[in-house]
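Visitor: Protein chains in written order, with the working numbering: chain A, 28 to 388; chain S, 28 to 388.
A portion of the hints provided could be inaccurate.
The list cannot tell twin chains apart, which means a pair is met if one copy fits it or any two copies do.
Said to hold, decoys possible - In silico SDA-like links for lysine to any residue, alpha-carbon gap of 20 Å or less:
no.	residue 1	residue 2
1	Lys-344	Pro-51
2	Lys-179	Ser-113
3	Lys-357	Arg-54
4	Lys-102	Leu-124
5	Lys-384	Asn-78
None of these hints come from the bench; they were simulated from the model.
There are 2 protein chains.
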Amino acid sequence: MINFTVGPVQMDKETRKLGLNQIPYFRTPEFSSLMKENEKLLCKDFDAPQNSRVVFMTGSGTASMEACVQNLYTKNDKVLVVNGGSFGQRLVELCELFEIPFEEIKLEYGSPLTKSILDAYDNKGFTGFLIQLCETSTGVKYNMDLVGNFCKKNNCLLFVDAISGFLADEFSMTRYNIDVAITGSQKALSLPPSLSFIVLNEKAQNIVNQNKVRSMYFNLADYLKNGERGQTPFTPAVGSLIQLNEKLKRIEKNGGIKAENLKYSERAEYFRNKIQSLPFKIFTAPEDSSNCVTALMHTDPSVNAYSIFEVLKDEYKIWICPNGGDLKEKIFRVGHIGSISKKDINTLIKAFKALQKRGLI
Amino acid sequence: MINFTVGPVQMDKETRKLGLNQIPYFRTPEFSSLMKENEKLLCKDFDAPQNSRVVFMTGSGTASMEACVQNLYTKNDKVLVVNGGSFGQRLVELCELFEIPFEEIKLEYGSPLTKSILDAYDNKGFTGFLIQLCETSTGVKYNMDLVGNFCKKNNCLLFVDAISGFLADEFSMTRYNIDVAITGSQKALSLPPSLSFIVLNEKAQNIVNQNKVRSMYFNLADYLKNGERGQTPFTPAVGSLIQLNEKLKRIEKNGGIKAENLKYSERAEYFRNKIQSLPFKIFTAPEDSSNCVTALMHTDPSVNAYSIFEVLKDEYKIWICPNGGDLKEKIFRVGHIGSISKKDINTLIKAFKALQKRGLI
Numbered sequence: 028m029i030n031f032t033v034g035p036v037q038m039d040k041e042t043r044k045l046g047l048n049q050i051p052y053f054r055t056p057e058f059s060s061l062m063k064e065n066e067k068l069l070c071k072d073f074d075a076p077q078n079s080r081v082v083f084m085t086g087s088g089t090a091s092m093e094a095c096v097q098n099l100y101t102k103n104d105k106v107l108v109v110n111g112g113s114f115g116q117r118l119v120e121l122c123e124l125f126e127i128p129f130e131e132i133k134l135e136y137g138s139p140l141t142k143s144i145l146d147a148y149d150n151k152g153f154t155g156f157l158i159q160l161c162e163t164s165t166g167v168k169y170n171m172d173l174v175g176n177f178c179k180k181n182n183c184l185l186f187v188d189a190i191s192g193f194l195a196d197e198f199s200m201t202r203y204n205i206d207v208a209i210t211g212s213q214k215a216l217s218l219p220p221s222l223s224f225i226v227l228n229e230k231a232q233n234i235v236n237q238n239k240v241r242s243m244y245f246n247l248a249d250y251l252k253n254g255e256r257g258q259t260p261f262t263p264a265v266g267s268l269i270q271l272n273e274k275l276k277r278i279e280k281n282g283g284i285k286a287e288n289l290k291y292s293e294r295a296e297y298f299r300n301k302i303q304s305l306p307f308k309i310f311t312a313p314e315d316s317s318n319c320v321t322a323l324m325h326t327d328p329s330v331n332a333y334s335i336f337e338v339l340k341d342e343y344k345i346w347i348c349p350n351g352g353d354l355k356e357k358i359f360r361v362g363h364i365g366s367i368s369k370k371d372i373n374t375l376i377k378a379f380k381a382l383q384k385r386g387l388i
Numbered sequence: 028m029i030n031f032t033v034g035p036v037q038m039d040k041e042t043r044k045l046g047l048n049q050i051p052y053f054r055t056p057e058f059s060s061l062m063k064e065n066e067k068l069l070c071k072d073f074d075a076p077q078n079s080r081v082v083f084m085t086g087s088g089t090a091s092m093e094a095c096v097q098n099l100y101t102k103n104d105k106v107l108v109v110n111g112g113s114f115g116q117r118l119v120e121l122c123e124l125f126e127i128p129f130e131e132i133k134l135e136y137g138s139p140l141t142k143s144i145l146d147a148y149d150n151k152g153f154t155g156f157l158i159q160l161c162e163t164s165t166g167v168k169y170n171m172d173l174v175g176n177f178c179k180k181n182n183c184l185l186f187v188d189a190i191s192g193f194l195a196d197e198f199s200m201t202r203y204n205i206d207v208a209i210t211g212s213q214k215a216l217s218l219p220p221s222l223s224f225i226v227l228n229e230k231a232q233n234i235v236n237q238n239k240v241r242s243m244y245f246n247l248a249d250y251l252k253n254g255e256r257g258q259t260p261f262t263p264a265v266g267s268l269i270q271l272n273e274k275l276k277r278i279e280k281n282g283g284i285k286a287e288n289l290k291y292s293e294r295a296e297y298f299r300n301k302i303q304s305l306p307f308k309i310f311t312a313p314e315d316s317s318n319c320v321t322a323l324m325h326t327d328p329s330v331n332a333y334s335i336f337e338v339l340k341d342e343y344k345i346w347i348c349p350n351g352g353d354l355k356e357k358i359f360r361v362g363h364i365g366s367i368s369k370k371d372i373n374t375l376i377k378a379f380k381a382l383q384k385r386g387l388i
């Protein structure tokens with residue numbers, strides 16, 4: 028199977044090879060030093076300000092989203108949540124669950140957050156801001172310059188879910204005034220799913236250390252404390268943390284984050300050029316499109332998007348990424364993250380053309 | 028390195044080989060059917076009553092402990108917690124955190140729960156009972172017949188943390204009247220760490236479906252609902268769930284749970300016989316000892332247990348399992364779970380004898 032989903036994605040051969048190894052005991056100075064290196068390299072790749080720290084969470088991206096909402100904000104906050112798809116919706120639900128006072132900027136799916144929308148919330152006493160870098164359900168990449176400036180001016184604690192955008196899209200905690208950002212192992216890092224990573228600047232660490240949370244597993248202060256000696260409070264996904272270490276060092280060796288961004292931007296562009304002759308419409312405007320995924324709809328709205336996913340899976344050994352919920356039959360997505368070659372993309376294009384010939388699209 | 032810790036443990040070659048594979052997209056009928064098979068086999072291996080269900084949690088064993096305390100008990104309960112070591116202590120802390128009214132049976136480390144201790148709590152209005160099958164920090168295996176009968180008579184909802192005991196020690200949810208039991212991937216199942224499993228009987232499912240919890244990631248009702256179609260609410264550790272499937276089918280093929288129990292009991296006995304000539308004392312009485320681990324102390328209390336761990340690691344390429352907290356310098360443990368051969372055990376014994384010759388133990 029060729030995998031064009033947005034996670035788990037195709038792993039590099041170096042990562043897979045490590046999957047064959049025995050997993051070491053981890054309460055050792057040797058593993059601690061690997062973890063300290065992981066922390067240093069992740070901070071660098073997030074372009075995090077000095078003295079930032081990383082929490083290594085064994086759990087999906089949602090685990091880290093929940094941990095952040097619960098640890099960073101309280102009933103005394105008033106936060107602004109950008110909801111432009113199913114992952115923005117998840118942030119809204121987490122604020123409801125933890126009774127964090129919030130207002131929601133509900134965007135039409137596929138639409139960007141603009142300055143004129145945001146201006147309406149200026150000087151309204153907001154203390155926090157929650158947003159995705161890339162709303163994975165639609166492929167929209169938000170304007171982080173805009174968001175970062177708003178948060179600086181309004182003194183908002185800015186949380187960015189960069190789960191699928193990290194490595195694929197340009198990103199900098201320092202430049203965009205981001206206090207906390209997260210990503211997941213099974214996205215552009217191309218590791219097995221099970222881990223998510225939370226990068227916190229000093230301000231965020233102070234808040235986490237002061238807040239009292241009703242969770243043991245999501246008590247970020249405990250992770251920060253254990254992390255000082257390169258450890259986690261509970262047994263983590265040790266094998267994948269070793270794969271992370273190899274991957275981060277390889278990124279470093281191959282030109283760092285800039286080279287990664289470029290690779291993904293070229294890959295997304297290559298795909299988007301190739302589909303121009305097909306009866307598809309890209310769901311997002313070019314300037315608002317993330318490099319990590321392209322959401323597509325058929326020019327004929329009666330063609331069922333989920334059927335395209337099914338026929339490619341069953342007859343062409345290709346996974347594209349179906350949507351859930353309301354968009355399930357309208358939109359499908361093609362992911363660009365993971366170990367995908369031009370040849371893989373050409374195979375997908377050929378399959379689309381075959382479907383066209385068969386009158387299926 | 029040879030690994031005698033209690034997790035992550037040495038994996039079988041079949042498991043490791045699967046670690047080399049790409050990880051498939053999982054929102055498919057193919058993966059759902061693998062998950063339904065995982066559920067069926069785990070229920071069988073837990074000897075769970077008909078209509079039991081399994082929650083597949085991506086997270087350490089503590090994640091599942093927290094999820095269970097939070098989802099199964101409320102402020103209207105009065106629960107009894109057995110605390111005979113650091114994992115019993117963790118159950119106590121979870122009850123405190125979630126404000127579940129509780130009483131604690133604090134046992135001396137290494138000591139069993141006896142009928143005379145338990146009798147004092149009979150007919151005192153307890154509604155819940157929390158205990159380990161094996162208290163991993165000391166190697167004590169609790170008498171589940173005793174506990175099961177107490178809970179039946181007192182109508183207590185019985186939660187058993189079988190994280191490290193499962194497969195190694197005899198266990199049956201049906202026979203011991205257990206409502207909920209959990210285990211972890213990196214223990215006797217010998218998979219990579221990142222997953223824990225919660226098996227719930229019908230009574231426990233009904234409670235979970237009625238209780239309202241303040242967590243998205245630990246909302247067990249949501250897992251049960253998604254599980255009906257063989258899915259999880261959030262991206263799970265897909266690769267390890269595939270490894271679980273292969274392992275569970277292999278257990279089945281090789282004689283099932285009885286053959287597993289026998290293998291571990293023979294292995295523990297082999298080790299315990301071999302150390303009789305060494306200056307160690309087993310921390311637990313034979314009739315209270317789990318097959319999963321042996322906790323040892325030197326006959327001379329001035330010998331530092333942690334130093335034995337360090338010298339075996341650095342000079343003999345062997346990991347035994349140090350203890351944390353108060354027991355760190357008094358006790359070390361030798362795990363029997365995972366893919367350990369007689370040859371591995373003989374190598375460890377030889378290393379102990381070499382330490383003896385060197386005057387280090």
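Visitor: For each hint, tell me whether it holds in the structure or not.
Guide: Each hint, compared with the structure:
no.	hint	in the structure
1	Lys-344 with Pro-51	between (36 Å within a copy, 11 Å between copies)
2	Lys-179 with Ser-113	neither (27 Å within a copy, 45 Å between copies)
3	Lys-357 with Arg-54	between (49 Å within a copy, 17 Å between copies)
4	Lys-102 with Leu-124	both (11 Å within a copy, 19 Å between copies)
5	Lys-384 with Asn-78	neither (57 Å within a copy, 48 Å between copies)
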